[in-house]
Structures are given as C-alpha cells and as structure tokens.
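Undergrad: Mind assembling these two chains? They're in different frames, but the hints should get you there.
Protein chains in written order, with our numbering: chain A, 4 to 231; chain W, 255 to 660.
Treat the hints as calculated values from the structure; they're not laboratory data.
Each hint should be verified, as a subset may be incorrect.
Each computed DMTMM-like pair below joins lysine to aspartate or glutamate, with the alpha-carbon atoms no more than 25 Å apart [as the list claims (entries may be wrong)]: (1) W:K559 x A:E106; (2) W:K392 x W:D597; (3) W:K264 x A:E140; (4) A:K86 x W:D398; (5) A:K190 x A:E121; (6) A:K23 x W:D654; (7) W:K461 x W:D329; (8) A:K164 x W:E560; (9) A:K76 x W:E560; (10) W:K270 x A:E140; (11) A:K113 x W:D649; (12) W:K264 x A:E118; (13) A:K86 x W:D558; (14) W:K397 x W:D464; (15) A:K190 x A:E7; (16) W:K264 x A:E125; (17) A:K113 x W:E543; (18) W:K559 x A:E118; (19) W:K256 x A:E121; (20) A:K113 x W:D558; (21) A:K117 x W:E560; (22) A:K117 x W:D654; (23) W:K256 x A:E125; (24) W:K645 x A:E80; (25) W:K392 x W:D303; (26) W:K264 x A:E121; (27) A:K164 x A:E129; (28) A:K76 x W:D558; (29) A:K77 x W:D558; (30) A:K76 x W:E382; (31) A:K86 x W:E543; (32) W:K256 x A:E87; (33) A:K166 x W:D558; (34) W:K256 x A:E118; (35) A:K77 x W:D649; (36) A:K166 x W:E560; (37) W:K559 x A:E80; (38) W:K490 x W:E382.
One-letter residues, chain by chain:
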Amino acid sequence: MLLEVKNLNKTYHTGQVEFKALRDVSLSVQKGEFTAFAGPSGSGKTTLLNCIGCLDRGESGSILLDGVDLMAKKPVELAHFRKENYGFIFQTYNLFPVLTVAENIEMPLKLLQKETPEQIHEKVMEMLAKVGLSGYENRRPLELSGGQQQRVAVARALIKKPKLVLADEPTANLDSKTGEAVVELMKELNVNEGVTFLFSTHDAMVMKRASKLYEIHDGQIKPGRKKV
Amino acid sequence: MKYILQLALKNILRSKRRTVLTFMMLTFGVTVYMIMSSLYAGLDEVSFDNLVQFETGHVKMRHVNFDEDRPFSTDNLMTQKREIYEKIKAHPFVRGVTGRINLLAEMDNGIDSMPVVIVGYNRQTDKEVFELAKFISKGQMEKDGAVIGVDLAKDMGLEIGDVANLTFRDINGMYTALDIPITGLLYSGDPMANKMKVFMDIDIIQKSMDTGAISEIAVKTDNMYKANKYAEILQKEIPDAEVNSWKTLSYEFANVVSTKKKAGNFILLVILIIAMVGIVNTILISIYEKRREIGTLKAMGMLDKEVRNLFIAEGFIIGFTGSLFGLLFGTIANLYFIYHGLDFTAMMDQMGNMGASMVGVMKSVWVIKDYFVVTFLATAASIFASYYPAKKVMDMQPVDCLRTVQ
Chain A
4 MLLEVKNLNK
14 TYHTGQVEFK
24 ALRDVSLSVQ
34 KGEFTAFAGP
44 SGSGKTTLLN
54 CIGCLDRGES
64 GSILLDGVDL
74 MAKKPVELAH
84 FRKENYGFIF
94 QTYNLFPVLT
104 VAENIEMPLK
114 LLQKETPEQI
124 HEKVMEMLAK
134 VGLSGYENRR
144 PLELSGGQQQ
154 RVAVARALIK
164 KPKLVLADEP
174 TANLDSKTGE
184 AVVELMKELN
194 VNEGVTFLFS
204 THDAMVMKRA
214 SKLYEIHDGQ
224 IKPGRKKV
Chain W
255 MKYILQLALK
265 NILRSKRRTV
275 LTFMMLTFGV
285 TVYMIMSSLY
295 AGLDEVSFDN
305 LVQFETGHVK
315 MRHVNFDEDR
325 PFSTDNLMTQ
335 KREIYEKIKA
345 HPFVRGVTGR
355 INLLAEMDNG
365 IDSMPVVIVG
375 YNRQTDKEVF
385 ELAKFISKGQ
395 MEKDGAVIGV
405 DLAKDMGLEI
415 GDVANLTFRD
425 INGMYTALDI
435 PITGLLYSGD
445 PMANKMKVFM
455 DIDIIQKSMD
465 TGAISEIAVK
475 TDNMYKANKY
485 AEILQKEIPD
495 AEVNSWKTLS
505 YEFANVVSTK
515 KKAGNFILLV
525 ILIIAMVGIV
535 NTILISIYEK
545 RREIGTLKAM
555 GMLDKEVRNL
565 FIAEGFIIGF
575 TGSLFGLLFG
585 TIANLYFIYH
595 GLDFTAMMDQ
605 MGNMGASMVG
615 VMKSVWVIKD
625 YFVVTFLATA
635 ASIFASYYPA
645 KKVMDMQPVD
655 CLRTVQ
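Looking at chain W on its own, in the form it has when it is part of the complex (with noise of 0.2 Å):
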C-alpha cells in the first residue's frame, strides 16, 4: 500500500497543472465552507448570548397556568414569595434571581400613541441576571425614568428628557396612567424589542398596578449550557411554576439556527458534488493518458485491484491534501473574522437582522468539530469520486493497453 500511495504521489506531481485545478477548487471549497461555517457559529453564539443576557435568563419561571396566546394577562401573573426566592438561592449552582412584570401599555406622545410592552425590572437584583445595561445605546437606567427602544423613540418622534404618557390597566382592570421621562435608549439584538419594549423601574409599576405580584423569575446559573438540567432541578422543587431553560424558550430561534446549519450542510454538499466532477475528470484523463503505463504495469504483474487503487489513491491524496490546504486557509482568513469580526450595523439597519438576535460587530468562532467532519467528508468524497474511473482499469486487458500509441 505504502509503494502504491508513492506511485499515485509521483503521478499525481506528473500533471501538476492539472491537478492544482482540481486540488484548488477543493481547497477554495472548503475555506468558503470553514469561514461561513464559523461565521453562522458565531452569528448563533452571540444571538444566543443576547437573547439570554436581554430576555430570558438562564432559566426563567412562569406563572404554572401561563398562557402563551395570552402573555400579558394579569392572569398571568405570580406572587413573589420571599420562600421562593431563598429556595432558588439555595442551589449552589445559582449565581442570581430577579422578578419582572411584563404588561400591555399605550404610549402616548400628545400627537399619537402606540402599544407597548412595558417590562418591569428591579434595579437592585436585575443585573445579577441580565445585562440591560449592554443594550442601552443612549442615556442610562435610571429610577424615575423610562428607557424605550430606539424605534419606538423614532416613532414616537422622543428624544432623551422627553415626557412619554403610558395608559394601562391595573389588577383591578381599571385604567390607570402614567406620565414618564425617558431616560435611556434600547437598541437589542430584537427588532421587537426595538419597536415596543419600555423598561422601568417594577416599583413604579407594580404601585401604580396596585399589586406585589410579577410575570416571572429569571434565574442566572454558573453554566448556561446546563440550564436544562437547573431547570429540571427548580421544577421539582417549585411545583406551582412553569420552568424553562432559555434553551427551549428559544426553540423559534433554534429552529431558525437548524435552518440555517442545514443551508450551511447544502453548500457542502454543493461544493463537494463539484470537486467530485473535477475529481473524476482529473482521473479518467489520468487513466486515459497512462494506457501504456497501466498495461506495463500488468505486465509486471500488478493485480488488477492494485492497479485501480493507484487510481483510487490518486484521488485520496487530492482529496486529503485540498482539504487539509482548505483546512489552513480557512483558518487563517478565521483568525481575521475571530480577532476582528465584522460589523454589520450598517446593514442591519437597512435589512434588518436576518433571523438573528444581534448587535453591531459579528464575530466567528472556532468550530473544531469542523476540521475533522471536513477532512472526513472531502476526503471519502474523493475516494468515492476516483473509484468509478478506477474501477475501469481493472476491466482493461493489458494487451489492449500496450497497443495504445501515445
């Protein structure tokens, strides 16, 4: 096998054009392939990481009877219990706990009005679970204000130190409002939020809701990955709430990742049908030019077998070494999208975020498993690809082959 893979090696420099043609389509396949791959890989782990620090938390507990069609119901909402709290704090793996109300509003600027969501937050407890403050802009959170998303302000025509008025019910269900300087600018990773989301201090809210109660509690873990786990942990000990781990609180936007992993598996697929194309040509060219050779060669005594897996190693080491060349390539242009990423603010603001919950710069990440799932498939996919022109020479009676005049 050893003198095989030298012979295949040897003829393989013999067409060095040729197979630089072949060996580059691969190589240049492949690095696409790598960098979009870390780029999509990046794109989710940031989309991820904000959807998590801005909304959902590690792990977040619902009123037990939560009604999707229905989120802003006061139906929804739960008591805070002090006991609750001391019993999520008692797990060694919990890193911080924060309530929130989240509720319907009407903006209101004197000229229009607009609904709104109005999120509550504690000011004291909420920063050990989210990271508000990354989102803001524009101005800061402060106690007696409101921060508003960056479209609601364009679309309400507010600017910082303006006065919002907010309409909404109370527990009760009657009308109750409020009149409130905005603070601080929004700008998150979702659009929605952008568009409607107003956050002030719960203090004020719940007052003016005339109620104690909140929408629910988020919880920070020492592991995000283990949410799953945590949450399966606080379900059995907090019964009479509904808790998730922003894992499946997230499932639309993980359906919209699995959707963009299987465009990213396509152009796989693409680029590997091509370099199968190239991979067969270059090897029935190769048996075609070397008649002669393969009938001296059965002279001599090679087995048929033996002489079709030249062929085949022929296109094992195009495939291996383009894959390995596409490997190292695509690892370096990585290094420049890794260290500096890329910033598509620009474009995001004119397209949005194409299914993506994220902001300003975009940064790709290592995705090792990568290396060897592109090693393997480039590498079986010329194996495969070089078998059919190979498998011809064992058909070719050596006789047949020294009569070619080349």
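For reference, chain A alone in the conformation it holds in the complex (with noise of 0.2 Å):
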C-alpha cells in the first residue's frame, strides 16, 4: 500500500461561518495506480489532494504515505518530505515564466542538490524526449502552447522520480484534444514507469482513463461508487 488515507476531517472556518469540506474520508492507493477523484466544484477534490500533497493539513484523521505519518510531521519536515516524495501537475501548469522548459523542468532536482549538473541535464533532455519536447528545451514557458505548457509540468514533476504524482485537474485548462494527448502521456509513464498518479477531475474522458476512481461529493467518498 502506498497511500492510505483513514477518516480525513477538513474544516474551513470564515469568520463566523463553517464549511465542512472533508467528512471521514478514507481510501487508498497502491503502487503503480492511476487514480481518479471525481466530482463536481466545490466538491473537495482539490482539498483532499491538498490534504494528501502535505500543502494544507486537516483536522483529524490520518494520512500514511508509504508507512509515514504525515499528520504527525511538522511544517519543515512536510517540506522535507514533499521535495523528496511528491511531485505536483497544477491546473494552471504553474510554470516559472522567467525560466526556460529545461530550467523548470530541472527544478526539483536542483532543489534536492543529490546530483550535479551533468546528470540534471541529461535526466532533464531524457524526460523532454518522454514528453516529446525535445528540442524545446531554451524556450520558455510563454513561446509554448496550453498542452506544451502541461507536458512541461508533467515533466517537472516526474524528474525526480517521486513515489506519488498529485495533478489537480490537469486537463481543465486544455481543450479536450489537447487534454486527451496529456492524459494519454501520464498513462503512458504510468504503464511503462510505474509512476503512481493521484489526479482530480470531472472531465469524464479523463475519467474513464483511470484505473480507479473515487467520486466525491460535499467532501465524501460517495459509498459503492468505488471502482477498480
């Protein structure tokens, strides 16, 4: 078991207003799954995956990633854990407009300091050719197009091989040929690296791609809608 989340409670407080966004939630994920939450806005999968990528903490409940307490860690240790374990794809891309395609991608690696700049470079040009980018490395982030964008992103995320890739809706901002080509290729490295994607969506094409989907609603597992 990779993941393994029991009993998760989320709650936000504005002023003197609540709103439950997480109720008991448990589930979990094994090694090499391409999982899905899906439901509709507002619905709590992107604060699940929140929950689960160590960038908002909830209230009670646990979360295990690979045997690791993550509720019990404080702040600079989630950072810790999260430069070595997690890797993220956002809705938005989140690329570093001031950085070229290799600069962003290299990133996490940089941020590791493990290896030095000859084997960052040729792990950077490896996973260009995986996200068929090759030959975009000095462009930056702008000069590319929405899809290009996101399979930089896929790439930032995957270079430092991490045990869990967390995307949030990461086809929202495409259209659905662009969307379906980036889907394509993080079931690709899926299958042929093992790598383990947790990803939100309400697309349905994305959907039916995973190999295990959760449905939420108003911050639920909705029961028996669990499928493998």
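TA: Given below as structure tokens:
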C-alpha cells in the first residue's frame, strides 16, 4: 500500500461560518495505480489532494504515505517530505515564466541538491524526450501552447521519480484534444515507468482512463461508487 | 545559495522597468554622494594645505606662556637663539625653519585709519617653510615694501606704489611710525588675512621695535601628516617653548571639516532611506505578483527560509549592483572634478569662502574609503530593507498561495 487515508476531516472557517470540506474520507492507493477523484466543483477534490500532498492540514484522521504518518509531521519536515516524495501537476501549469523549459524541469533536482549539473542535464533531456518536447529546452513557457506547457509540468513533476504524482485537474485548462493527449502521456508514464498518479477531474474522458475512480460529493467519498 | 541567487537574478530581470527605477534611485544617490564626498575631501585638503603653507607651517613654536587671548602682546615674544635653530635643524625630518613676528598696528592712508596685523617674515628663510608667493595676486614681495591683503587695500583705497603709514608700539611701549610703500597684494583663503594682514621684512619691524625677538618659529618637516609626532619630539628638546602641530593649531577649522563630514553622512543616510523605501516597495510588489510561484516553490519542497532568502537575494542584487553602478558613475564624474576642478572664485567673492581656506579653482580628490563604505552600506541597507517583506513569505501557506488568481 502506497497511500492510506483514514477518516480525514477538514473544515474551513470564514468568520462565523464553518464549511466542512472533507468528512471522514478514507481511501487507499496502491503503487503504480492511476487513480482519479471525480466530483463537481466544491466537492472537496482539491482539498483532499492538498491534504494528501501536505500542502494543507486535515483536522483529524490520518494520512500514511509509504507508512509515514504525515499528520504527525512539522511544517519543515513536511517541506522536506514533499521535496523527496511528491510531484505536483497544477491546473494552471504553474511554470516559472523567467526560466526556460529545461530550467523549469530541472528545478526539483536542483532543490534536492543530490546530483551534478551534468547528471541533471542528462535527466532533463531524457525527460523532454519522454514528454515529446525535445528541442524545446531553451524556450520560455510563454512561447509554448497550453498542452506543451502542461507536458513541461508533467516532466517537472516526474523528473525526480517521486513516489506519488498529484495532479489537480490537469486538463481543465486545455481543449479536449490537448487534454486527451496530456492524459495519454500521463497514462503512458504510469504504465511504462510505474509512476503512481492521483488526480482530480470532472472530465468524463479522463475518468474513463483511470484505473481507479473515487467519486466525491460534499466532502465525502460516495459509497459504492469506488471502481477498480 | 548559488541557485537561489540565480533565481533571484532572473526574477529581477523579469520586471525590468520597476527594477531599473529602484536601481536608478540607488545609483543616483550613490553617484551624488561620491561626487560630494570627493569635493568635500578636495576642499579640506586644499584648505589644510593653504593653512599650512600660509599660516601654520607643519610645526609652530611659541613662547611657553603664550597667551591665546592676547596673541599680539609683546609678552608673547621670544628671544631668537641660534642654538634653538640648530637643535631643530639637527633633526633629519626638518626641511626648513623660520621665525616670524606678529604685532598689532594702525594703518593710515592720510584720510582713514584701520587696525591691521603686521607679520614680519624673514626674506631668506620664510620660503623654506611657507609659500607666501603663491598667495600674492598682484605685485611682489620686496625688501623695503609691504604686501597687504586685497580687501584691506580696497578698504583703504590703496594700490601698488602707494605709501601707507603704520603706527605701532615698540618693545618699550613707545609709539613708532613707518611709511612703507605697497609692493604687492595678497589673496589668501583666510578672509581675515585679506582684510587685516600686512607682510613686511622682519628686519624692518625688529629694528623699529627695538628688539631681536620673534613671535614664533615655524618648521617644515618631511611629512605634514606626522606633524603631531614631530611636535612631541621637538617639545621634549625645547621645553621653554610651546610646540604645536598644524593639526592642533587648526582645530577650529578641523571642527568645521568634521561638521561638513557629518552633513555628508546625513546625505548618505537620506539617500539610503529613500533607496530602502524603494526596495521595500519593489520586493513587496514582487512578492504580491509571485504568490502562486511562491506556492509552487513551497509545494516542490523549497523551505520557507529558502523562499525568504530568494527575495532577500533580490534586494541584495539590486543594492549591490546599484551601488556598483553608482560608484562607476561617481568615479566618471569625479574624473572631471579631480583633473579639471571647479572655479569658485566668482562665487566666493560674493558669498565668502563657506568655512574653507581656499583660493580659486577647487579640485576633488579620490576618497578610496568611500568605495568600500558605500558598497557595504548600500548593500547592507538593501538586504535590511528586503528582509521585512521577504519575512512575510515565511508566513504564507502554500495552499493559500496556490489559490491566488493572477
């Protein structure tokens, strides 16, 4: 078992108003799975991904990644944990416009400070080839199409071979054809490289490609709608 | 750290216009400071040189009971002893020795009279210590003539060739009078000298006063900046005289210099504060604009303090390069002021010499210390200014940053 979430609760407080974003959410993800959360806007998909990705904290429950209890960790420890174990793909790509494609992709490795510049360069070129962007290494993100930018984001998320890649609606900003291509790429990497993906979506096409689907509604995983 | 600096540099270059504005503010401030500091230093150097060459020499000896309140009293006169001169000259650092006599007199042009100070100088030895000739704007020094201040000549309506009558008391308190032709006009950096001083051959004065005594012995050494040390050496050997260096004698002027330096430091402080406000503003806007990027960095595992350091590094780069460019432009501007100089003659004629003892064209001098001080202060101030906004980044939650709509 790679990921195990048990009875996770999360409430947002806005002044006097309370909003329960997650209610006793429990789920599990095996290594190498291509898992999706589906649900309407405001259902809690992003909150769940953020809690799993240590970007946000739940109030109660537990999140175990590879046996490590994330709820017990301090913020600094969580930052280190994210650096080592997670890859993130965002809906709006979140690439750094001042950096080239290669510089964006190499950033997680630079932050890890474990490899030489030569090794990093080699890995970047390899990853660019995998996402079909060879020759684009010196371009800036704004010189690329949306689909290409998301491919760069995928490459950035995978370059350090993380245990888990979290993708928050990775196709939401793309047209259907480009979105399909990006999902196809993620699926390929999942199958060929054994990368574990966990992503949120409300795109029916993306849901079809998921090896496991959790439907979320009002902060709860819908009973009986779990499919393998 | 290297990677953070690289990222910071790229971030700075992203908002070129804003960066350039902050940068220019700092560069302009540093440039202005460099020019002013060099001008002040040049002014001080020339002023001290003039003071030494005209009035104090490197070391001056006076009567051991010299009365500052009655500087022209005959009680202050001391006997010229050959052995004292020989003792002084025996030192290898001594380049010249001369004696002068100063006394109060009344100058009469037949219509008006004015109090003046007569300075009796030795025509042979005075030039070993002083550079009186440098300050003569018209005419020359002659054995039987007097050189008087330009303002005194103007007030008394005297010109070269005219004869002035000088009345003063001799050593016995008896009045004596001299008719002396004006052979030269003196223009020094000291307005009192221009208005009151009359330079004459010491032999004529001593003969009229019926004395061989002098008011002071002035010494020129091999290095004016070692004058304090030399004064101490001479004082030990000649205990019956009061020995002072030019630095001690010019303490009032040194106070003016010190005040000017404080004013210069205040200008630097104002410049730094303005630059700091600009940098705080730049970094705050930069943080606001990059909220989502900050969230992405934190999501990728960059530590809070590393993200903070990224923005401090932006401030550092702006401060450091801004001050370097300021130094560059300041140096270029100073090349003109150092090798060409500024002619203040017309302005000083109208406004006085503003506390400086200088004549004509003033040239700046290099102040090497400024290069280090300004770079350090501007950089440190920039880091300090960027610390507060950068610290805000540490409190930002990655999830909040990522939610930002931009």
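Undergrad: Now tell me if each hint is right for this structure.
TA: Going down the list of hints, with the structure as the test:
Note on K559 (chain W) and E106 (chain A): the hinted pairing holds, with a Cα-Cα distance of about 22 Å set against a maximum of 25 Å. Restraint check for K392 (chain W) and D597 (chain W): the C-alpha separation of about 19 Å stays at or below 25 Å, so the hint holds. This hinted pair checks out: K264 (chain W) and E140 (chain A) have alpha carbons roughly 17 Å apart, not beyond 25 Å. The straight-line distance between the Cα atoms of K86 (chain A) and D398 (chain W) is roughly 95 Å, outside the 25 Å bound, and the hint therefore fails.
A hinted pair counts as satisfied when its Cα atoms are at most 25 Å apart, and K190 (chain A) with E121 (chain A) does not qualify at roughly 29 Å. Straight-line distance between C-alpha atoms of K23 (chain A) and D654 (chain W) comes to about 17 Å, which keeps the hinted pair within the 25 Å bound. The straight-line distance between the Cα atoms of K461 (chain W) and D329 (chain W) is roughly 18 Å, inside the 25 Å bound, and the hint therefore holds. Under the criterion of a C-alpha separation no larger than 25 Å, the hint pairing K164 (chain A) with E560 (chain W) is consistent with the structure, at around 23 Å.
For the given pair, K76 (chain A) sits about 19 Å from E560 (chain W) by alpha-carbon distance, which is consistent with the 25 Å threshold. A threshold of 25 Å between alpha carbons decides the hint, and for K270 (chain W) with E140 (chain A) the separation of about 24 Å falls inside it, so the pair holds. Using a Cα cut-off of 25 Å, the hinted pair K113 (chain A) and D649 (chain W) holds, with the two alpha carbons roughly 24 Å apart. In summary, the hint linking K264 (chain W) to E118 (chain A) is supported, as the alpha carbons are separated by about 22 Å, within the 25 Å threshold.
Between K86 (chain A) and D558 (chain W) the CA atoms are separated by roughly 13 Å; this keeps the pair inside 25 Å, and the hint holds. Annotation: proposed proximity of K397 (chain W) to D464 (chain W) holds, straight-line Cα distance about 19 Å (limit 25 Å). For the proposed pair K190 (chain A) and E7 (chain A), the alpha carbon gap of about 22 Å is at most 25 Å, so the pair holds. This hinted pair checks out: K264 (chain W) and E125 (chain A) have alpha carbons roughly 23 Å apart, not beyond 25 Å.
This hinted pair checks out: K113 (chain A) and E543 (chain W) have alpha carbons roughly 23 Å apart, not beyond 25 Å. Distance hint between K559 (chain W) and E118 (chain A) is fulfilled; the C-alpha atoms sit about 22 Å from each other, no more than 25 Å. Between K256 (chain W) and E121 (chain A) the alpha-carbon distance is near 16 Å, which keeps this suggested pair within the 25 Å criterion. With a C-alpha separation of about 16 Å, the suggested pairing of K113 (chain A) with D558 (chain W) holds against the 25 Å cut-off.
For the hint linking K117 (chain A) to E560 (chain W), the alpha-carbon distance of about 17 Å falls within 25 Å, and the restraint holds. The straight-line distance between the Cα atoms of K117 (chain A) and D654 (chain W) is roughly 29 Å, outside the 25 Å bound, and the hint therefore fails. Pair hint K256 (chain W) plus E125 (chain A) holds up; C-alpha atoms about 21 Å apart against a cutoff of 25 Å. In summary, the hint linking K645 (chain W) to E80 (chain A) is supported, as the alpha carbons are separated by about 19 Å, within the 25 Å threshold.
At most 25 Å may separate the alpha-carbon atoms for a hinted pair to count; K392 (chain W) and D303 (chain W) meet this at roughly 21 Å. The suggested pairing of K264 (chain W) with E121 (chain A) holds, with an alpha-carbon distance near 21 Å, which does not exceed 25 Å. As the CA atoms of K164 (chain A) and E129 (chain A) are separated by approximately 13 Å, the hinted pair is consistent with the 25 Å bound. A hinted pair counts as satisfied when its Cα atoms are at most 25 Å apart, and K76 (chain A) with D558 (chain W) qualifies at roughly 16 Å.
Of the pairs offered as hints, the one joining K77 (chain A) and D558 (chain W) holds, with about 13 Å between alpha carbons and a cut-off of 25 Å not exceeded. The suggested pairing of K76 (chain A) with E382 (chain W) is violated, with an alpha-carbon distance near 84 Å, which exceeds 25 Å. In summary, the hint linking K86 (chain A) to E543 (chain W) is supported, as the alpha carbons are separated by about 24 Å, within the 25 Å threshold. A hinted pair counts as satisfied when its Cα atoms are at most 25 Å apart, and K256 (chain W) with E87 (chain A) qualifies at roughly 21 Å.
A hinted pair counts as satisfied when its Cα atoms are at most 25 Å apart, and K166 (chain A) with D558 (chain W) qualifies at roughly 23 Å. For the hint linking K256 (chain W) to E118 (chain A), the alpha-carbon distance of about 15 Å falls within 25 Å, and the restraint holds. Restraint check for K77 (chain A) and D649 (chain W): the C-alpha separation of about 14 Å stays at or below 25 Å, so the hint holds. Using a Cα cut-off of 25 Å, the hinted pair K166 (chain A) and E560 (chain W) holds, with the two alpha carbons roughly 24 Å apart.
Under the criterion of a C-alpha separation no larger than 25 Å, the hint pairing K559 (chain W) with E80 (chain A) is consistent with the structure, at around 13 Å. Taken as a hint, the K490 (chain W) and E382 (chain W) pair is honoured in the structure, with Cα atoms around 23 Å apart against an allowance of 25 Å.
In terms of the numbered hints stated before, the structure departs from hints 4, 5, 22 and 30, listed from lowest to highest.
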